[in-house]
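> Given next are the chains, with one letter for each unit.
2 protein chains.
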Amino acid sequence: MPHLFYGTPRNGEIVFDEREAHHMRVVRLKEGETVETTDGEGFSYTCVLTRLKKSEAVAKILKIEKKEEEPSEKLKVVVPIGRWERTRLLIEKCVELGADEILLYRFERSQHSVSLEKSLLVVREAAKQCRRYLFPKVKMVENLDFDEKAITLDPDGSVNLLEMDVSGSITIVVGPEGGFSEREKELLKQRTILVNLGRKILRFETAAILTVGYIALRKQKI
Amino acid sequence: MPHLFYGTPRNGEIVFDEREAHHMRVVRLKEGETVETTDGEGFSYTCVLTRLKKSEAVAKILKIEKKEEEPSEKLKVVVPIGRWERTRLLIEKCVELGADEILLYRFERSQHSVSLEKSLLVVREAAKQCRRYLFPKVKMVENLDFDEKAITLDPDGSVNLLEMDVSGSITIVVGPEGGFSEREKELLKQRTILVNLGRKILRFETAAILTVGYIALRKQKI
Chain P
1 MPHLFYGTPR NGEIVFDERE AHHMRVVRLK EGETVETTDG EGFSYTCVLT RLKKSEAVAK
61 ILKIEKKEEE PSEKLKVVVP IGRWERTRLL IEKCVELGAD EILLYRFERS QHSVSLEKSL
121 LVVREAAKQC RRYLFPKVKM VENLDFDEKA ITLDPDGSVN LLEMDVSGSI TIVVGPEGGF
181 SEREKELLKQ RTILVNLGRK ILRFETAAIL TVGYIALRKQ KI
Chain E
1 MPHLFYGTPR NGEIVFDERE AHHMRVVRLK EGETVETTDG EGFSYTCVLT RLKKSEAVAK
61 ILKIEKKEEE PSEKLKVVVP IGRWERTRLL IEKCVELGAD EILLYRFERS QHSVSLEKSL
121 LVVREAAKQC RRYLFPKVKM VENLDFDEKA ITLDPDGSVN LLEMDVSGSI TIVVGPEGGF
181 SEREKELLKQ RTILVNLGRK ILRFETAAIL TVGYIALRKQ KI
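Each protein sequence line maps, in turn, to chains P and E.
Its first residue numbered 1, the first sequence is counted upward by one per residue in our numbering.
Its first residue numbered 1, the second sequence is counted upward by one per residue in our numbering.
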């Protein structure tokens with residue numbers, strides 16, 4: 001399968017940044033070759049590479065095609081801001097598993113911070129890899145407020161994942177490495193549905209992958 | 001939740017190896033304290049630590065309890081022998097997600113090898129972590145022969161994971177990093193059910209976690 005690149009359309013051309021130009025050189029693309037590009041907004045551009053330099057590249061657009069529409073029912077995931085490697089992995093898996101929005105939240109027990117810019121680059125790389133034309137939105141959020149249905153994974157939750165009603169937009173809250181604080185637990189109990197994944201203890205990333213993937217499958221997002 | 005240790009019962013005592021003795025020292029256990037131990041065969045032993053040395057430990061058994069029975073319907077996973085980090089991760093996730101047997105297989109495109117002993121230690125650590133009293137069996141297998149229902153993850157598979165019949169024992173074939181060879185593909189097409197996980201491209205470990213976890217949930221193994 002040919003590579004998918006990310007670029008910005010401008011006057012009949014696509015402009016690629018240094019990172020994409022680097023990716024092109026790694027896969028040994030040459031000027032004059034045809035490349036497929038997305039703008040991350042749902043469009044695919046078939047274009048011919050006219051200029052490939054170290055810090056940028058440009059291609060002429062031959063064909064534009066709408067590949068993905070903004071979904072009416074959204075799958076959002078609250079990803080904890082924790083150690084970067086862990087946060088990075090979760091962002092990557094959310095992209096791969098069809099999440100529409102990634103909400104970065106700093107739980108009370110987390111001493112870490114995260115760069116929005118770095119997170120956006122992870123989304124870009126993961127989306128290119130699994131050919132998502134409409135990139136998930138990434139936001140920092142300050143509160144655990146939810147407009148629609150939200151669930152929290154909890155071994156004591158009364159609803160089993162398999163029996164969960166997946167209609168409408170859903171937000172999945174993934175807990176931080178050190179667990180929720182008492183205050184957060186209370187708040188999530190009031191504002192979200194506590195969902196269990198059986199009786200065994202799963203590591204958080206395993207539980208998160210299973211839940212996001214299962215709901216995405218049910219909602220036909222993957 | 002208190003720690004679970006692994007040891008071998010012998011004449012009313014439990015004998016622990018160097019690895020377990022090390023784990024005990026790490027969590028600052030002292031002689032005279034009560035510890036919970038499993039033999040990996042489904043039993044829990046409540047015992048009191050009588051001797052904690054660098055290379056071994058011994059505890060006196062106070063109570064024995066059968067915690068897990070050999071299941072009649074088994075969940076088996078063919079894990080590819082590949083780069084150790086990747087194979088290790090898959091073994092760990094299979095334990096966590098309730099697999100009953102882990103079948104290590106070297107696919108044609110793999111140049112790697114694996115130590116059965118190292119694999120058994122990964123199973124032990126993962127099982128202790130998620131409190132499995134009946135450890136999954138680990139075997140090296142030489143052929144892709146299956147007595148019961150077997151599935152292979154394939155984007156072109158005609159059955160969607162959610163619609164799959166999960167009754168009876170099931171073997172899940174997880175592909176190697178470099179993909180199946182043509183011969184293996186043909187063989188798996190004949191001998192297994194090709195199952196898809198939607199239309200998007202998932203990384204192999206993501207697909208494997210989602211599939212093992214989903215079937216384990218449906219079969220109430222987790």
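Hints should not be assumed to be uniformly reliable.
Copies of the same chain look alike in the list, so a pair counts if it works inside one copy or between any two.
Below, a list of computed lysine-lysine pairs in the DSSO-like style, where the Cα atoms sit at most 30 Å apart [what the hints assert, rightly or not]:
#: 1; residue 1: K66; residue 2: K185
#: 2; residue 1: K185; residue 2: K54
#: 3; residue 1: K137; residue 2: K200
#: 4; residue 1: K185; residue 2: K63
#: 5; residue 1: K53; residue 2: K149
#: 6; residue 1: K30; residue 2: K149
#: 7; residue 1: K219; residue 2: K149
#: 8; residue 1: K60; residue 2: K189
#: 9; residue 1: K221; residue 2: K53
#: 10; residue 1: K200; residue 2: K189
#: 11; residue 1: K200; residue 2: K149
#: 12; residue 1: K53; residue 2: K219
#: 13; residue 1: K63; residue 2: K189
#: 14; residue 1: K189; residue 2: K30
#: 15; residue 1: K60; residue 2: K149
#: 16; residue 1: K149; residue 2: K54
#: 17; residue 1: K74; residue 2: K30
#: 18; residue 1: K219; residue 2: K30
#: 19; residue 1: K54; residue 2: K219
#: 20; residue 1: K74; residue 2: K54
#: 21; residue 1: K74; residue 2: K53
#: 22; residue 1: K189; residue 2: K149
#: 23; residue 1: K30; residue 2: K139
#: 24; residue 1: K185; residue 2: K53
#: 25; residue 1: K30; residue 2: K185
#: 26; residue 1: K30; residue 2: K200
#: 27; residue 1: K30; residue 2: K60
#: 28; residue 1: K54; residue 2: K189
These are computed hints drawn from the structure, not numbers from a lab.
Note that the coordinates shown come from a computational prediction; the quantities given were computed from them, not determined experimentally.
> A separate judgement is required for each hint: does it hold in the structure or not?
Right, here's what the structure says about each hint:
1. K66 <-> K185: Neither, since 42 Å and 34 Å both go past 30 Å.
2. K185 <-> K54: Classified as neither; 50 Å inside a copy, 41 Å across copies.
3. K137 <-> K200: Between copies only: 18 Å across, 33 Å inside.
4. K185 <-> K63: Neither: 51 Å inside a chain and 35 Å across chains, both beyond 30 Å.
5. K53 <-> K149: Neither way: K53 and K149 sit 47 Å apart in one copy and 53 Å across, limit 30 Å.
6. K30 <-> K149: neither (48 Å within a copy, 48 Å between copies)
7. K219 <-> K149: both (14 Å within a copy, 27 Å between copies)
8. K60 <-> K189: For K60 and K189, neither the intra-copy (53 Å) nor the inter-copy (42 Å) Cα distance is at most 30 Å.
9. K221 <-> K53: neither (37 Å within a copy, 54 Å between copies)
10. K200 <-> K189: within (21 Å within a copy, 33 Å between copies)
11. K200 <-> K149: both (25 Å within a copy, 25 Å between copies)
12. K53 <-> K219: neither (42 Å within a copy, 55 Å between copies)
13. K63 <-> K189: neither (50 Å within a copy, 37 Å between copies)
14. K189 <-> K30: neither (56 Å within a copy, 38 Å between copies)
15. K60 <-> K149: Close neither inside one copy (44 Å) nor across copies (51 Å); limit 30 Å.
16. K149 <-> K54: Neither way: K149 and K54 sit 46 Å apart in one copy and 53 Å across, limit 30 Å.
17. K74 <-> K30: neither (39 Å within a copy, 52 Å between copies)
18. K219 <-> K30: neither (40 Å within a copy, 52 Å between copies)
19. K54 <-> K219: neither (42 Å within a copy, 54 Å between copies)
20. K74 <-> K54: neither (38 Å within a copy, 55 Å between copies)
21. K74 <-> K53: Classified as neither; 39 Å inside a copy, 56 Å across copies.
22. K189 <-> K149: within (13 Å within a copy, 41 Å between copies)
23. K30 <-> K139: neither (36 Å within a copy, 48 Å between copies)
24. K185 <-> K53: For K185 and K53, neither the intra-copy (52 Å) nor the inter-copy (41 Å) Cα distance is at most 30 Å.
25. K30 <-> K185: Neither, since 54 Å and 34 Å both go past 30 Å.
26. K30 <-> K200: This pair counts as between: shortest inter-copy Cα distance 28 Å, intra-copy 52 Å.
27. K30 <-> K60: Intra 14 Å, inter 72 Å, cutoff 30 Å: intra-copy only.
28. K54 <-> K189: Result: close neither inside a copy nor across copies, 52 Å intra and 45 Å inter.
Violated hints, in rising order: 1, 2, 4, 5, 6, 8, 9, 12, 13, 14, 15, 16, 17, 18, 19, 20, 21, 23, 24, 25 and 28; the structure is consistent with all others.
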